[in-house]
Amino acid sequence: MKKAKIFAAIGGVGLAVLSIFLIAADHIDAPAVQGTKSDITDFYAFQGENSNNLVFVTNVQGLLTPGNTDEAEFDENVLLEINIDRDNDLVEDLVIQAIKRNDSMYFFGPVNPALTGLNSEIDTTAQMGSVKISTTDESAETSEQNGMKFFAGPREDPFFFDFDQYNAVLAGDASDGFMDPGTDTFAGTNVLSVVVEVPKSILGNGSTGVNPFAPDTPIYNVWVESKRKQQ
Amino acid sequence: MKTYKYITILLAICTSMVFVQCSDDDDNIIDVATCDDGIMNGEEEGVDCGGPDCDPCTEALDFSGTYSQEDQMGRPGINTVFGSDGMKDAFNTTIPSEMGAQFQADFEAKLLALNPNYTTNALGLDATTFTTVLANDVLWVAQTGPTAYGSLTGRTLSDDVIDTSLTLIFGGPDGTDNNNDPEDEPLLTSDGVPANDANFSSSFPYVTSPF
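These protein sequence lines map, in sequence, to chains A and B. For the first sequence, numbering that gives the first Met the number 0 assigns the number 0 to the initial residue and increments by one for each residue that follows. For the second sequence, numbering that gives the first Met the number 0 assigns the number 0 to the initial residue and increments by one for each residue that follows.
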């Protein structure tokens, strides 16, 4: 009786953990950042419409309803930092930094950072552009400077997941597992989004042999961090 | 006579100064300060920047200070799925090069707790190898060619990362272990939500307008 075994196993993990199991891609993933302006909800990296470019999408402050999206704003004390590791040592070789000042988002890099790791300083010598932060009642404000494209502002949350049914599965209330079709718990919600498009030529070369399923394809290791200004 | 002569010279100098002054002003009359007139005027805080009407002055902005890490994300759902109470905040403030050593064993235990029948997954990875890849929470993105989460070459907006994750955790070696016989097994390899509730743009900024 496989089913019983699976649910016994799932039940054994413990309700406290299960209640936040897979809440979302990274939405409200940990106590210290949950509900704060530094809470990263999602990170995407993909080839752009122009295949010579890579696009990085960082979303923060998830689960905004249409009614409270207007009030959401980026925090001037929170730096969003995209990290790019080219040589597969899991240490960033380049960073792209984004931070709000007044009504605009300012972008620095890709640049080799003076500091790697948990603490960062903004490299003002590498400012590449800025863009006025879009609002809910106008079309997207974008800018293109130094070969890069920039956007910042509220967007529809691109994440989709039947979170409610997942909770039911974990609670043992859904013996058939997920529904087909399921219901997107994140339908109708918004996030604050920062989008950067950068020519691959600026990033240099990744490493081959990283991805066992595409060993000849050069790969970048990428991740995003939110960092708060120390007073 | 001498005095009169000096006065005349003085007058001449003064007149010429006034004339020069007037000429200068005539060439540069600014009735209305604008953000592209090349001088700092009106309520601007610098040349053509700052104040209520112009773009902010970059030079005047303060970007100083040290910024310290609060949250981190590479692949979707890693901390939420494999993190445990008391370790999630630590995971978010650990650098990727140290994540494997600190968290791989916990991740493997969590994987086997979720699916005690786990042997390998559709990628052919055993529990140790799979959780070693995941514990280093970075997203692989291809420098060349198309990008997709299922092929471990990136993550696009439309990728069904939940189904990919569920399949790799619960789907067994062929990826179908838990859902090819709904009579006997719960559907655990797909949440039944294959797409977002809004369409994405094929052009920058790709993400769509808020509700």
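These aren't lab readings, by the way, just hints derived from the structure by calculation. None of the values given here were measured: they were computed from a predicted structure. Hints should not be assumed to be uniformly reliable.
What the hints assert, rightly or not - Chain B residues, not near chain A, derived (Cβ > 10 Å throughout):
1. Cys34
2. Pro75
3. Val140
4. Ser150
5. Glu184
What the hints assert, rightly or not - Quick list of in silico lysine-lysine cross-link-like pairs, DSBU-like style, CA-CA up to 35 Å:
6. Lys87(B) with Lys131(A)
7. Lys199(A) with Lys87(B)
8. Lys228(A) with Lys36(A)
9. Lys131(A) with Lys199(A)
10. Lys109(B) with Lys131(A)
11. Lys87(B) with Lys228(A)
12. Lys228(A) with Lys199(A)
13. Lys36(A) with Lys131(A)
14. Lys199(A) with Lys36(A)
15. Lys109(B) with Lys87(B)
16. Lys36(A) with Lys109(B)
17. Lys131(A) with Lys228(A)
Unchecked claim - To be clear about the criterion: a stretch of chain B counts as covered by chain A if any three or more of its residues have a C-beta under 8 Å from a C-beta of chain A, and this derived list gives those stretches:
18. 35-47
19. 63-69
20. 76-89
21. 185-191
22. 196-202
Cβ coordinates follow ideal geometry from the N, Cα and C atoms, glycine included.
Status of the hints after comparison with the structure:
For cysteine 34(B), the shortest C-beta to C-beta distance to chain A comes to about 14 Å, beyond the 10 Å cut-off, and the non-interface label holds. Annotated as non-interface, proline 75(B) brings its C-beta within 10 Å of a C-beta of chain A; the closest such distance is 4 Å. Its beta-carbon lying about 4 Å from the closest one in chain A, valine 140(B) breaks the requirement of being farther than 10 Å from that chain. For serine 150(B), the condition that its CB be more than 10 Å from all CB atoms of chain A is violated, with the nearest at approximately 6 Å.
Glutamate 184(B), annotated as away from the interface, has a beta carbon of chain A within 10 Å; the closest lies near 6 Å. At most 35 Å may separate the alpha-carbon atoms for a hinted pair to count; lysine 87(B) and lysine 131(A) meet this at roughly 34 Å. Between the alpha carbons of lysine 199(A) and lysine 87(B) the distance comes to roughly 33 Å, so the proposed pair stays at or under 35 Å and holds. As the CA atoms of lysine 228(A) and lysine 36(A) are separated by approximately 13 Å, the hinted pair is consistent with the 35 Å bound.
Distance hint between lysine 131(A) and lysine 199(A) is fulfilled; the C-alpha atoms sit about 25 Å from each other, no more than 35 Å. Using a Cα cut-off of 35 Å, the hinted pair lysine 109(B) and lysine 131(A) is violated, with the two alpha carbons roughly 44 Å apart. Between lysine 87(B) and lysine 228(A) the alpha-carbon distance is near 21 Å, which keeps this suggested pair within the 35 Å criterion. A hinted pair counts as satisfied when its Cα atoms are at most 35 Å apart, and lysine 228(A) with lysine 199(A) qualifies at roughly 30 Å.
Taking the CA atoms of lysine 36(A) and lysine 131(A), the gap is about 19 Å. The hint holds against a cut of 35 Å. Of the pairs offered as hints, the one joining lysine 199(A) and lysine 36(A) holds, with about 30 Å between alpha carbons and a cut-off of 35 Å not exceeded. Only pairs whose Cα atoms come within 35 Å are accepted, and lysine 109(B) paired with lysine 87(B) is accepted, the gap being roughly 13 Å. Of the pairs offered as hints, the one joining lysine 36(A) and lysine 109(B) holds, with about 29 Å between alpha carbons and a cut-off of 35 Å not exceeded.
A distance of roughly 22 Å separates the Cα atoms of lysine 131(A) and lysine 228(A); the hinted pair therefore holds under the 35 Å criterion. For the stretch 35-47 of chain B, the stated coverage by chain A is not satisfied: 0 residues place a CB nearer than 8 Å to a CB of that chain, which falls below the threshold of 3. Against chain A, the stretch 63-69 of chain B contributes 7 residues with a C-beta closer than 8 Å to a partner C-beta. That satisfies the three-residue criterion, and the hint holds. For the stretch 76-89 of chain B, the assignment as covered by chain A holds, since 10 residues bring a beta-carbon within under 8 Å of that chain's beta-carbons and 3 suffice.
Restraint check on the stretch 185-191 of chain B versus chain A: 6 residues with Cβ-Cβ distances below 8 Å, three needed, restraint holds. Restraint check on the stretch 196-202 of chain B versus chain A: 5 residues with Cβ-Cβ distances below 8 Å, three needed, restraint holds.
Going down the numbered hints, you'll see the structure goes against 2, 3, 4, 5, 10, 18, while the others check out.
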